[in-house]
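Please model the entire structure based on the sequences and the hints provided.
In the order they appear, the protein sequences are chains A and B.
Take my numbering: the final residue in the first sequence is number 111, and no numbers are missing along the way.
Take my numbering: the final residue in the second sequence is number 173, and no numbers are missing along the way.
Hints should not be assumed to be uniformly reliable.
As the list claims (entries may be wrong) - Just a few of them, taken from the derived set where beta-carbon distance is under 7 Å, the chain A residues facing chain B: (1) T15; (2) L47; (3) F62; (4) A65; (5) Q70; (6) V91; (7) G93; (8) F98.
Please keep in mind that the hints were generated in silico from the structure rather than gathered at the bench.
Glycine included, each C-beta is placed from N, C-alpha and C at the ideal position.
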Amino acid sequence: MPAVGLTHYLFVSLLVFLLGLFCVLTRRNAIGILMGVELILNAANINYLAFARFGSAPYDGQVFAIFVIMLAAAEATIGLAIVLGIYQTFHTIDVDAAETLRG
Amino acid sequence: MSDAGLADAVFYLLAAATAISAAGVAFSRNIVYSAFSLMGTLLGAAGLYVLLAADFVAVIQVLIYVGGILVLTLFAVMLTHRIADVRISNRAVGRIPALAILTVAGLVMGRAILAAKWHQLAELPAATPTTAGIGNSLLGEYVLPFEIASVVLLAALVGAVVLSRKELR
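Structural data, given as structure tokens:
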């Protein structure tokens with residue numbers, strides 16, 4: 009078994025990304041879709057930190073990972089607030105059901 | 005077992021935990037189980053960050069993702085489902101086309117990862133505390149994105165309040 013290197017981390021990240029993509033593509037539940045987005049963002053973060061570790065600029069990747077986490081927090085706040093709004097209007101959070109634009 | 009061998013074993017353990025719980029998020033039928041699997045993924049990723057010598061980011065991951073975003077997600081799950089209802093839906097649609105897309109994307113990206121000649125350091129530097137360096141970067145080279153980030157967070161805060169308050173007409 010070869011020593012763990014950059015490609016190992018990239019493959020873990022690829023796996024997490026694909027599962028997140030699957031989640032986003034197949035879920036009807038709005039919260040499930042948001043969870044898929046979180047998985048994809050985490051995959052991106054693993055990539056950033058792996059490149060930061062194995063490259064020559066250790067802090068740039070980590071700073072970007074922090075920005076990604078920050079944006080994920082903002083996205084989760086707004087996304088879940090919107091989900092709750094949808095639930096109050098339609099009494100379901102299946103994205104298929106919320107198809108009218110009238111408020 | 006040597007030090008490097010131990011680190012490798014820990015890597016495989018964390019990678020397996022991360023991937024398996026990510027699969028749990030993607031394939032679980034119950035949204036509550038999905039949310040708890042997401043916790044496993046986030047914690048596994050935090051462990052991987054530690055292995056990648058990113059101690060500060062790992063702590064941030066645990067604090068913000070596990071402590072904040074996940075709790076928020078669970079709140080939303082609890083608020084939007086009649087938990088007593090048997091049908092806590094997390095229904096999935098179109099699995100076959102999604103799997104086809106996934107296979108193609110996975111093959112392409114996997115081949116790209118293997119084929120690319122990554123620029124890698126021959127000798128990894130020792131893992132040192134990164135907090136001071138990150139702080140210098142945030143207030144030096146990345147000061148503009150840092151300030152914009154605070155504005156984004158403020159906007160998200162105000163937006164969440166506006167979205168979730170009762171409409172007064």
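Hint numbers contradicted by this structure
4, 8
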